[in-house]
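Protein chains in written order, with this note's numbering: chain H, 255 to 362; chain A, 16 to 358.
Just so you know, these hints were derived from the structure itself, not from any lab.
Any given hint might turn out to be false.
With a Cα cut of at most 30 Å, we get these calculated DSSO-like pairs of lysine-lysine [stated by the list, open to error]:
no.	chain 1	residue 1	chain 2	residue 2
1	H	K337	H	K326
2	H	K283	A	K71
3	A	K40	H	K326
Chain H side only, calculated, beta carbon under 8 Å to chain A, not exhaustive [claimed, not checked]:
no.	residue
4	Y298
5	P299
6	R302
Quick reminder that beta carbons are idealized off the backbone N, C-alpha and C, glycines included.
Below, each chain spelled out in residue letters.
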Amino acid sequence: MRQELRRGMLTLAVLRALATEQYGYSLRKQLNQANIEIDEGTLYPLIRRLESVGLLDSEWRDSDPRRRRYYKLSEEGTIVLEKLTQEWADLSAALNNLAATGLAEDAA
Amino acid sequence: MNLVQRYVAEVKRHLPYRMRASVAKELRGLLDDELGALAEQKSEPLQEQEIADFLKRYGHPYRVAASYWPRRAMIGEKTYPLYRRALHAVTVWMLVFVVAMSLGRIAQNQTWGIVEIPQFIAEVWSFLLFGFVAVTLYFHYFGEQLEQRLRLWRWDPRKLPEIDVWWDEVSFLSALFAIVELVTLLGLFTITAPSYADETIRLQMDPAVAPYLPVLKWLVLASLAVWLVNLFQRYWTRVKLIIVLACGAVGALLMLRLVFAPSILDISVNLPPKDPATTTLGQLFAWWPDKPLRVIEWLSHLPYDLWPSIIPIKLVLVVFGGLMLYRTYHGVRAVTRVRMPWL
Chain H
255 MRQELRRGML TLAVLRALAT EQYGYSLRKQ LNQANIEIDE GTLYPLIRRL ESVGLLDSEW
315 RDSDPRRRRY YKLSEEGTIV LEKLTQEWAD LSAALNNLAA TGLAEDAA
Chain A
16 MNLVQRYVAE VKRHLPYRMR ASVAKELRGL LDDELGALAE QKSEPLQEQE IADFLKRYGH
76 PYRVAASYWP RRAMIGEKTY PLYRRALHAV TVWMLVFVVA MSLGRIAQNQ TWGIVEIPQF
136 IAEVWSFLLF GFVAVTLYFH YFGEQLEQRL RLWRWDPRKL PEIDVWWDEV SFLSALFAIV
196 ELVTLLGLFT ITAPSYADET IRLQMDPAVA PYLPVLKWLV LASLAVWLVN LFQRYWTRVK
256 LIIVLACGAV GALLMLRLVF APSILDISVN LPPKDPATTT LGQLFAWWPD KPLRVIEWLS
316 HLPYDLWPSI IPIKLVLVVF GGLMLYRTYH GVRAVTRVRM PWL
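Sequences and hints are given; from them, build the entire structure.
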């Protein structure tokens, strides 16, 4: 159950973090700093999947000491991110309302 | 070759060919970044043991490769219920086809015996396997188109089938079990010869028992027809319940009545060398307790159509009669539970 909830949330978190260009490891570090725990084995395949469905653009660069693949939100990804963010806000508000109603009924 | 290279090569081995190069290149870069960050934290190059520990934490190459595979399922979630239904229907039709084919062969050759059982099992197995593969492949490639063609969004609740008796849903397995049981009974009542005699065996059915057989056969046939319908319509209707309960109750009572008859079949066997008369398979073994091979040899001379006569017929009747009574009891219980107005 928790995994399913996290899976959807992670996609949103990754899309949001990739509003600015990043490579795999830097993205993971940023997510960790934001207290979003995600292991490498989940994150890196997820980025590739998002890229393969056109939500991310990627580019290989040699300028760094190592060759790295940089990812950034694509145009389509930006639209999807906006929609998902709205959905997330609505869901979150609905859940809070539900919890508040439950608490009020308990108190009564 | 260092550990990371070997690790990446192993991951590659488990990937589809077209993804290998790009995943390997990316994975190599990611691992270098991760290990570089670890070395930075430590302020000195990593030892081989530390790299090995990191790779172990990262995951088995097979698992890492699996996470890069596109998610795929043989049968999609949306089409799965449809697939299960198609599989059940094909299984039943394949079984009906194989049984009909075998019965046709028996009628043509006028033989039925133990030697044909392995052939029958092999045919059932290969037909079922063929059906499973055909249905699965069809749904794998065309399942979604089929689901769309059914236009499930255009359904009308008023057109759902009428069900006049709500009972427990009939499960596929229980229907299949009942069909197997009834077909076996039907075979027993059909194949058992009322009388037979040759130089090795003389078989005579009790004249008081013989009239029961056609009645039992028709009762079983009627129940069988209902259960065959139940395979496709997995719910009970009044008519179906009445037929099954009536046939079950009468059939079970008749079979149990036969069990208490003094004898069902009189079998006399001429056994070489002393030609002692025996009446049952048990007595045969008692005559030659240390020579089961002789018994098998004797049995091999017995005409195939008399094989059912040798089995302990009363025991079979008790088992099947008991099953029919049990089913009837369940039916009555279910009927009283739903408080049917006509009872």
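State the violated hints by number, sorted upward, taking the hints as numbered earlier in the document. Hints that this structure does not satisfy do not exist here, as all of them hold.
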